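Participant: Okay, here's what each chain looks like letter by letter:
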Amino acid sequence: MTSEKKPGKTARYGMTIDVDRCNGCGACMVACAVENNVPPAHEGATDRKGITWIRVFQVDNGEDYPNRRSAFVPVLCQQCGKDAPCVSVCPQQAVEVDPATGIVGQMPERCLGCRYCMVACPYHARYFNWWDPAWPAGMEKTLNPDVAPRMRGVVEKCNFCHGRWHAAKQLAAANGRAIEAVDYVPACVEACPTRAIQFGDLNRPESAPAQAAKNGASFRLLETIGTEPKIYYRSKKNWVRQISSAPKLGLGKESSRG
Amino acid sequence: MKHRGKIVFLAGVLVALGAGWLGFPRAIYQSRPQPVNFSHKVHADKAGSKCEDCHAFREDGTFADIPSLDKCAGCHAAAMGSTVAEKNFIDRYVTPQREPPWASYARQPENVYFSHITHVKLAQVKCERCHGGEGSTDTLRPYQQDRISGYSRDVWRDMKMDDCVACHRQHGLEHSCLDCHK
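Those sequence lines, one after another, are chains U and A.
Per numbering that gives the first Met the number 0, the first sequence starts with residue 0, numbered consecutively.
Per numbering that gives the first Met the number 0, the second sequence starts with residue 0, numbered consecutively.
No wet-lab data here; the hints were simulated from the structure.
Small disclaimer: the values here were computed from a predicted structure and weren't measured.
In this text, a Cβ means the ideal position worked out from N, Cα and C, and glycines have one as well.
It is possible that part of the hints are untrue.
What the hints assert, rightly or not - Which chain A residues stay away from chain U? Per the calculated CB distances, all over 12 Å, these: (1) ALA26; (2) CYS50; (3) PRO99; (4) LYS120; (5) GLY131; (6) GLU133; (7) HIS180.
To be verified - Estimated spans, in silico, between C-beta atoms of each pair: (8) ARG140(A) to HIS123(U): 50 to 56 Å; (9) SER67(A) to PRO135(U): 26 to 32 Å; (10) TRP134(U) to VAL7(A): 50 to 56 Å; (11) HIS75(A) to ASP131(U): 54 to 60 Å; (12) ALA26(A) to ILE224(U): 50 to 56 Å; (13) ARG31(A) to VAL33(U): 50 to 56 Å; (14) PRO135(U) to ARG140(A): 37 to 43 Å; (15) ALA43(A) to ASN174(U): 24 to 30 Å; (16) LYS236(U) to GLN107(A): 45 to 51 Å; (17) CYS24(U) to VAL41(A): 56 to 62 Å; (18) LYS159(A) to GLN91(U): 18 to 24 Å.
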């Protein structure tokens, strides 16, 4: 949908992830799944068929002991700021970029399940529902009412915890004002024990991602393809910064299954 | 009877149209009365209540929807008038402290996010804009539930997504699907 924007009120949400701080604990993955009503993996799920809006990958520098070094890289939807490949390929217009927040949104209601977007996404950040969601008896009471569960046959992905955005907007309205960028953070940001993940509005120079964007140690995944991701990674290690531009990430294994 | 074929065909069309236009809409909705014969009009006129006196917001901005029994019992612990409706209400619900099983006409489908407070407090939209004259009705109409989806008929009848979009578009507030979907 196109729209007239109200000037001065738009945000461009982004994130910075300090790879040197990430210890691969996976708390972000758990918090994300709980927040966004991602059900426990179906017994038939594999590494490729499980659903993990954010997934922690383990990477290494490819050398042998004693020079081998490892790092953990949480990968989520990179919220492309320009020419998001998933948007242009979708035959259903089920993907769109919200001009008010910059969030790349996925509409399960419109999705027909062709998975073209999953092929197009350079970051493998999109997941397909191979099964209808199911929770163990009693666990449905823990579902988040601000997020609708998705049905079998549609694609889903990270949307910067849009349910939290709604709740923050509502709370701001209760206080008689419009939502501001500092009003909420996604669940992964809140869960990270080392505070490796930080969230903010790239339009505000003082925000963590805006600062990270200027930082020399920052990099984005596959910057050369020009999708202008809004997730800024950061590492002081050269070899970590280089993995981002390699066509093949050389991912040894994932720290966890979906 | 050289027109017999045509007559049979037209009769068939009429039967099919009748079933589709008249029969199906009746069959698909299950109708049930509300638990209490509540009059918005009486409460608005005699008690001078405003919408938000009973349909209030919580501190976090969420909407409390239909008030719980405590709110009703605050005034109706004992009968205030002499109507049968009130007596029934007190006997059935207030005295045994049982919540009336109200059916919400406008409860939205699972994938819809609607915030009352952003509309009422921030945008200054009047309740009547969407709920019409509900606040001045004398009786509660029966609740009609779609037998297949389980949703209230009002979700499709009175306020459809097109109506939401039309108003948002008019005010230049139509940003994305995720504004209202979750």
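Participant: Identify every previously stated hint that the structure contradicts and give their numbers, smallest first.
Facilitator: When the structure is compared with the hints, numbers 4, 7, 11, 13 turn out to be violated.
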